[in-house]
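Put together the whole structure using the sequences plus the hints.
First to last, the sequence lines map onto chains A and B.
Under the numbering used here, read the first sequence as residues 1005 to 1441, first letter to last.
Under the numbering used here, read the second sequence as residues 66 to 420, first letter to last.
No lab work stands behind these hints: they were computed from the structure.
Any given hint might turn out to be false.
Take a look, some chain B residues computed to stay more than 12 Å from chain A by CB distance [claimed, not checked]: (1) E125; (2) D130; (3) D232.
Using 27 Å as the maximum straight-line C-alpha spacing, the simulated DSS-like pairs for lysine-lysine come out as follows [what the hints assert, rightly or not]: (4) B/K222 <-> B/K253; (5) B/K233 <-> A/K1070; (6) B/K222 <-> A/K1063; (7) A/K1282 <-> A/K1299; (8) A/K1249 <-> A/K1299; (9) B/K233 <-> A/K1277; (10) B/K100 <-> B/K123; (11) A/K1378 <-> A/K1217; (12) B/K346 <-> A/K1294; (13) B/K100 <-> B/K222; (14) B/K100 <-> A/K1121; (15) B/K123 <-> A/K1120; (16) B/K100 <-> A/K1037.
Just so you have them, the derived chain A footprint on chain B, three or more residues with Cβ under 8 Å [to be verified]: (17) 97–111; (18) 156–167; (19) 177–186; (20) 252–260; (21) 288–297; (22) 311–324.
Each residue gets a CB set at the ideal place from its N, CA and C atoms; glycine is no exception.
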Amino acid sequence: MAKHATPLLDQLESGPWPSFVSDLKQEAASRAKNPNNVEFQVNQDCVEDILGVLELSYKHGRTHWKHGGIVGVFGYGGGVIGRYCDQPEMFPGVAHFHTMRINQPGGKYYTTEFLKKLCDLWEFRGSGVTNMHGSTGDIIFIGTSTPQLEEIFYELTHNFNQDLGGSGSNLRTPSDCVGSSRCEYACYDTQAICYALTQEYQDELHRPAFPYKFKFKFDGCPNCCVASIARSDLSFVGTWKDDIKIDQEAVAGYVGGEFAPNAGAHSGRDWGKFDIQKEVVGLCPTGCMKYEDGKLAINNKECTRCMHCINVMPRALHIGDDRGLSMLAGAKAPILDGAQMGSLLVPFIKAEEPYDEIKEIIEAVWDWWMEEGKNRERLGELIKRQGFQKLLEATNIKPVPQHVQEPRHNPYIFWKEEEVEGGWQRDINEFRKYHQR
Amino acid sequence: MHVAESGDECYTVRVGGARLMTVTHIREICEIADKHCDGHLRFTTRNNIEFMVDSKDKVEPLIQDLESRKFDGGSFKFPVGGTGAGVTNIIHTQGWIHCHTPATDASGPVKATMDVLFDDFKDHRLPAQLRVSLACCLNMCGAVHCSDIAILGYHRKPPIIDNEYLDKMCEIPLAIAACPTAAIKPAKVTVGDKELKSVAINQDRCMFCGNCYTMCPSLPLADQEGDGIVIMVGGKVSNRISMPKFSKVVVAFIPNEPPRWGKTTDTIKRIVEAYSAGANKYERLGDWAERIGWERFFEKLNLNLPIISSMISVIPPTTPGARPRSSSSNRSRFDINQSVQGEAMRPPCHLSKRG
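Have a look at this one:
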């Protein structure tokens, strides 16, 4: 018998999509039964109380969770988000119910051995409820009490070789796409650099010293599966400099119908016979391709590497060999002054260990932002307030045409004195020799 | 299926999952991975679970096992799908289950929406992939601002001021500084016979972002009638064919309707059907809307919902590079609607040609 009646939530058990309500109920039942005799360190019926408090929110149309408060683990300024229920008498099991962020593994690959250890720990010292994963990428443990935080932290860091993620005004847990582990489009090893920079910037990740949050995301190619270009203060998007490799036989395979375009992504509807002219050459945004006499040709100098042709014919077209990444700066969600997409800062840089060149740019960006950024001002907002030019100066990157999305509409340029030959200091008497008053 | 340069083959079966999952469920995932995949698995950035096997004959038994598992309530535990030109799992946030600022729930509307879009999770009939996201407030802890369809929780009432406690609970200057529209100022108030320090809010300037509430718990703004959902469409993060795009507001407000958010899911279904019928192969929703024009887009949607004046974004020609204009005419201290225009050298958010 459930502790709280949940007539509204019960309506979310039907329908085909996996029901989180059914899942919470099975967890509540499992804790009640406790077949493995776990010595629960937080209330045994806390999952019942989660269902109860959520049902109340469904009734009231408002959340029943309060602000954080200062909870954490010794030596770290982030990774734990304090959470308290605003109806603790009704739901004592979730009165103190903090969130922990755990740094996810690269590519979100797991062994079941590790996952089971996490489950055992979280069942013992927490609610047993998680997010796999949070929006930034962390494993999220939802719901534990203050005394458990240090215990979980110790277990993770000493026995699991695992760490907390970021929260607050610091570097947030970096995240990556599947990368070269299982993707033919990956222009660099996203997991390698994600891991290397996570290790390098431990201090920034755990000790909040920034004006606001700061995110790194690593996309192996311009398809941007981890949305770095939209969501990270510094985005690392894989690209290449040389030519797209063409396998003409495989091109013929697509044209002849041997291979399904886009790896069969359009199989649910009859779109007619694959038409390379219309579907590939005709959709190329720069018009740099042609298909003549059964041969596909690409004018690579005009290619922007948007990935469309490669996505459609992955067996026939392959990314080039001179690979690296582009760095973009300033992407963020709307809070506060509107959403921003990343702006191209470094058109091409090699992604090779020990990533010194990349670190140099990251640190120059941070130095500028930490010096000039206001409290709770994201990098993108600082760029907007002071100008992209200031970021170029701070990072010592020379302006190049790739930086110009659209040339300015007027010529009101604020030249600096040092940019003008002879400087600005002139002698009026010398001028008057030639121009009478 | 992926083939390595070595010739090794990797077959991946993707299944959807509620990102809110319990250890009981994760243990079941492990049991499946132990049985079929030598104890390995991965999650995707969109909360899907991927089971990988190394030969084709292992695929069918894996799929059958996954599809056979159901929760007691009747829903699938591991529905196979989420690939190609269809709908994949929804990126979302916490909502009422664990967050202090949401204007809607997350897991509930996601479940309701995915039930409605379930056929398209399994199928490949759409013109291109369709990414749906949900964020339960303006903080948008999800790529809601760049999704084909975005479900966004939004408050519509300014904060209530808890005068009696405000100065004890909050740093008043931080609350004032948190407001993006400069609507908050310090104020002295009389409560009973005491004069207390508090704040005053210019309600007409409030954009309901909740940023003050994040800094100051004495300014709650959640409200049953005030809160609801905004639908935005046409965003994307991929650089394919066209540049990444922001999502745009097409429905200004739909009330919260727990537990199944019927109007929200009806609206989304209508958008998906109109897109499916109208767009060309490979064309993303935003590219389609831009090709036919937003006027035609609204016509095709036939939502019978009002266009409110705030949805109209008129960008007057500004003077790029000139000194900043006075923003007195603008509601915001920042140029929220004009952010794309006014800079001298606006670098691309996209790829560049190399010469």
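Going down the list of hints, with the structure as the test:
no.: 1; hint: E125; result: holds (17 Å)
no.: 2; hint: D130; result: holds (15 Å)
no.: 3; hint: D232; result: holds (16 Å)
no.: 4; hint: B/K222 <-> B/K253; result: holds (23 Å)
no.: 5; hint: B/K233 <-> A/K1070; result: holds (16 Å)
no.: 6; hint: B/K222 <-> A/K1063; result: holds (19 Å)
no.: 7; hint: A/K1282 <-> A/K1299; result: holds (15 Å)
no.: 8; hint: A/K1249 <-> A/K1299; result: holds (13 Å)
no.: 9; hint: B/K233 <-> A/K1277; result: violated (70 Å)
no.: 10; hint: B/K100 <-> B/K123; result: holds (11 Å)
no.: 11; hint: A/K1378 <-> A/K1217; result: holds (12 Å)
no.: 12; hint: B/K346 <-> A/K1294; result: holds (20 Å)
no.: 13; hint: B/K100 <-> B/K222; result: violated (53 Å)
no.: 14; hint: B/K100 <-> A/K1121; result: holds (18 Å)
no.: 15; hint: B/K123 <-> A/K1120; result: holds (24 Å)
no.: 16; hint: B/K100 <-> A/K1037; result: holds (26 Å)
no.: 17; hint: 97–111; result: holds (count 9)
no.: 18; hint: 156–167; result: holds (count 12)
no.: 19; hint: 177–186; result: holds (count 5)
no.: 20; hint: 252–260; result: violated (count 0)
no.: 21; hint: 288–297; result: holds (count 4)
no.: 22; hint: 311–324; result: holds (count 4)
Hint compliance for this structure: hints 9, 13, 20 are broken, all remaining hints hold.
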